[in-house]
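Single-letter residue listing:
Protein chains: 2
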Amino acid sequence: MSGYAPSEAARRSGFSLDTLRYYEKIGLLADVERTAGGQRVFTDDDLGWLELFRCLRDTGMPIAQMRRYAQLAREGEHTVDERRELLEQHAARVEEQMLLLSRQYEHLREKIRFYERLPGPVPETGQPTATRPDPAVSR
Amino acid sequence: MSGYAPSEAARRSGFSLDTLRYYEKIGLLADVERTAGGQRVFTDDDLGWLELFRCLRDTGMPIAQMRRYAQLAREGEHTVDERRELLEQHAARVEEQMLLLSRQYEHLREKIRFYERLPGPVPETGQPTATRPDPAVSR
DNA sequence: CTCCAACCTGGAGCGCGCTCCAGGTCAAGC
DNA sequence: GCTTGACCTGGAGCGCGCTCCAGGTTGGAG
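In the order they appear, the protein sequences are chains X and Z. When we follow this note's numbering, the leftmost residue of the first sequence carries the number 6, and every step to the right adds one. When we follow this note's numbering, the leftmost residue of the second sequence carries the number 6, and every step to the right adds one.
Please note: incorrect hints may appear among the correct ones.
Which copy? The list can't say, so a pair holds if one copy fits it or any two copies do.
[To be verified] In silico lysine to any residue, SDA-like type, Cα no more than 25 Å apart, as pairs:
#	residue 1	residue 2
1	116	19
2	116	104
3	30	12
4	30	123
5	30	49
6	116	43
7	116	103
8	116	89
9	116	98
10	30	105
11	116	60
12	116	73
13	116	36
14	116	84
15	116	106
16	116	7
17	116	68
18	116	16
19	116	70
Hints were generated in silico from the structure; no laboratory data involved.
Starting from the given sequences, assemble the full structure and let the hints guide the process.
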């Protein structure tokens, strides 16, 4: 139920072996267990952390902040407020990010719609088209 | 109505002067006009391109692809199909990106909700909590 | 016991997208 | 005409997040 070889941990977490080692080196993962011979053994708890890191990474949190979070968590219960705060601020940034992304996605779609309205290799007509063909469309 | 000094173009586009020069250097912006003395003069058309680049950049398109797009556009009307294709494929990637982002945002929210349910500095109870406190939550 | 694939370490290198710098030129205001 | 701040160029440097490498060790299968 617990105790995964590095390759297995990589497979399950979706991070590369190198990344797992890197995360440990910079102090994201701390106290990863070892065999007598020094090979890493990842626990379910480690995998839980990795899942969290993936979430934070996918949402664009810089590593320095993840480190801070992990550090706080290791310091104990008295840091829960700060941890929640950190996550909430991050969530707020993610919301902005999603908003921007969907706005820009709409622009992109608009631009594509323009291309679809082109019937074929007909010279672009209408619109105060500039000398260079392309933009002027999305405005 | 047309003809902006570099600083003005930077202000309007939101890109830094260095970035504008960089974009020209690598061939994103081509044929930027110059004064007799060699200083750049940006047109409305240039600003249109910059707006497009911002859209593509904000949605995560790598510069190499933007370059390709700009190149195609410069080649003329016979590349419209390829350009549309390029944008459509990009839009598809953006959709995936938005999906991933909102999924991970939900995880984040879930995690925050966990913190909010903590009444105070009470030891975490319930759940098969691991030795290390923090993750195990978001699973 | 032997083999070999998986693992270890410290440190160098990389790809991206800028950003900064030195040393020189331009041009608008006085 | 002079000053001064905006601009020019080529090229080096940077911050991030890995990724790769050399050279050595471990440990399970046969």
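Hints breached by this structure: 4, 6 and 10
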